[in-house]
Amino acid sequence: MSGTETRRARRSVLQKLVIITNVLAMVGFLFAAGSLAYGYEKYGQIPRVEIGETLSVSEDDEGREVIAENFLIVGVDSAAGLDPDDPVASSRTDIAGLRSDTMMILRVDPTSTRAALLSLPRDLWVPIPGHGNGRINEAIELGGPELLVETIQAYLGIPVNHYAQVDFHGFGRLVNAIDGVEIWFPNPVRDQRSGLDVPEPGCITLDARNALGFVRSRAYQEYIDGRWRTDPTGDLGRIRRQQQFIIAALERAVDRGVRNPVTLDELIDSTLDAVTIDDTLDGDDLLALGREFRRFDPASLDVYQLPVVDDSIGGAAVLRLVTQEAEEVLDIFRSSDPTQLSEESVRVRVLNGTGEPGQASAASGELREAGFALGGTGDAARLGVERTEIRHPAGSEAAADLVRRWLAADAELI
Numbered sequence: 013m014s015g016t017e018t019r020r021a022r023r024s025v026l027q028k029l030v031i032i033t034n035v036l037a038m039v040g041f042l043f044a045a046g047s048l049a050y051g052y053e054k055y056g057q058i059p060r061v062e063i064g065e066t067l068s069v070s071e072d073d074e075g076r077e078v079i080a081e082n083f084l085i086v087g088v089d090s091a092a093g094l095d096p097d098d099p100v101a102s103s104r105t106d107i108a109g110l111r112s113d114t115m116m117i118l119r120v121d122p123t124s125t126r127a128a129l130l131s132l133p134r135d136l137w138v139p140i141p142g143h144g145n146g147r148i149n150e151a152i153e154l155g156g157p158e159l160l161v162e163t164i165q166a167y168l169g170i171p172v173n174h175y176a177q178v179d180f181h182g183f184g185r186l187v188n189a190i191d192g193v194e195i196w197f198p199n200p201v202r203d204q205r206s207g208l209d210v211p212e213p214g215c216i217t218l219d220a221r222n223a224l225g226f227v228r229s230r231a232y233q234e235y236i237d238g239r240w241r242t243d244p245t246g247d248l249g250r251i252r253r254q255q256q257f258i259i260a261a262l263e264r265a266v267d268r269g270v271r272n273p274v275t276l277d278e279l280i281d282s283t284l285d286a287v288t289i290d291d292t293l294d295g296d297d298l299l300a301l302g303r304e305f306r307r308f309d310p311a312s313l314d315v316y317q318l319p320v321v322d323d324s325i326g327g328a329a330v331l332r333l334v335t336q337e338a339e340e341v342l343d344i345f346r347s348s349d350p351t352q353l354s355e356e357s358v359r360v361r362v363l364n365g366t367g368e369p370g371q372a373s374a375a376s377g378e379l380r381e382a383g384f385a386l387g388g389t390g391d392a393a394r395l396g397v398e399r400t401e402i403r404h405p406a407g408s409e410a411a412a413d414l415v416r417r418w419l420a421a422d423a424e425l426i
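Just so you know, the sequence shown maps onto residues 13 to 426 in the working numbering.
What the hints contain is simulated information worked out from the structure, not anything from laboratory work. Careful: at least some of the hints might be erroneous.
Beta-carbon label-pair distances, calculated as ranges [to be verified]:
1) 398 to 191: 41 to 49 Å
2) 374 to 403: 14 to 22 Å
3) 61 to 401: 43 to 51 Å
4) 214 to 142: 22 to 30 Å
5) 321 to 361: 37 to 45 Å
6) 145 to 370: 45 to 53 Å
7) 368 to 405: 22 to 30 Å
The beta-carbon is built from N, C-alpha and C at its ideal position, and this holds for glycine as well.
Turn these sequences into a full structure, and let the hints steer you where they fit.
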């Protein structure tokens with residue numbers, strides 16, 4: 013696959029859905045492009061960034077077009093346009109500075125009408141081409157979107173076919189356009205740095221200010237048993253909340269009639285000046301978008317995280333990739349099919365939890381015949397297990413589900 017060619021290949025419905033969105037405005041990513049079918053001329057109003065020569069080409073080794081594509085979706089840490097009294101803006105020394113606050117890879121394939129979303133922690137320690145090692149979110153500050161794309165492609169081996177970014181101000185307008193987003197809170201929550209403030213538990217409709225505070229929160233606190241308790245998971249906890257918000261926002265958009273042409277038109281109007289896309293996206297087939305994907309179910313969006321461990325570099329907290337475990341997740345975004353894994357790529361260790369001799373050997377034999385790579389057998393530390401358990405690390409849900417589909421017994425993913 014070449015990474016230096018530009019092209020204007022015909023794209024799928026779902027692939028166009030990122031045209032007027034980014035990760036922080038993901039509420040519209042499955043529907044917003046459809047609105048352009050009713051206002052095609054608006055497409056030309058979207059700002060462009062010239063990085064086409066850095067993007068990967070959607071072709072396989074034999075030059076055939078690959079339908080599945082990856083979109084790098086970035087929420088930029090430029091708070092230009094925010095109220096100066098906003099907690100997000102008040103803590104910044106350079107309000108116009110640009111840094112990738114949130115990054116996700118959206119993998120789409122029209123043949124399956126499925127989408128997969130991979131969150132990239134901003135503190136991930138990576139080699140940045142021409143600049144040594146650093147946090148991945150520093151790349152855009154050092155060399156713009158082009159360097160960020162180069163960093164992701166070189167280190168993670170994920171081809172980036174398209175790029176989209178949005179600023180905070182545009183995110184707030186998009187939340188307002190769908191009358192807020194409902195999130196369930198079992199306890200009061202707050203983050204004094206991001207501005208999040210939910211004083212009561214329950215199903216709360218977040219306005220633009222609280223929604224932004226929620227998806228940006230890294231000092232997240234819950235009021236439990238009479239005192240505030242800080243979420244110890246930091247950036248990883250923030251990623252989980254962002255993914256929760258994406259699903260809730262998509263469902264809210266559907267509830268608010270976003271499939272209606274008029275509502276869609278209002279949605280795209282709210283974000284046109286806040287979104288930037290790469291210079292290779294065209295609008296030739298936008299007229300078909302709304303029809304083809306109007307039934308997409310937000311609950312079918314597959315979300316993934318990278319397995320990482322905490323580390324410290326020069327006294328600064330960073331995250332290091334667990335390379336071997338990450339391969340299962342990364343392969344989903346490298347292959348031509350974002351929703352399928354091969355059995356050969358999944359390694360399984362079988363432990364006997366029943367107490368009956370020979371059970372692990374029998375199960376491992378079946379999995380070997382199916383093509384899975386085996387990591388050995390043994391006895392589980394806990395016996396008397398009544399239901400088969402498939403234990404897997406975070407981010408390998410797709411691999412675990414593939415194993416479950418091959419087992420005759422009813423299995424639980426853990």
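Here's how the hints hold up against the structure:
1. 398 to 191: 41 to 49 Å: Because 46 Å falls inside the window, the suggested range holds.
2. 374 to 403: 14 to 22 Å: holds, 19 Å
3. 61 to 401: 43 to 51 Å: holds, 47 Å
4. 214 to 142: 22 to 30 Å: violated, 50 Å
5. 321 to 361: 37 to 45 Å: violated, 21 Å
6. 145 to 370: 45 to 53 Å: Given a distance of about 50 Å, which is inside 45 to 53 Å, the answer is holds.
7. 368 to 405: 22 to 30 Å: holds, 28 Å
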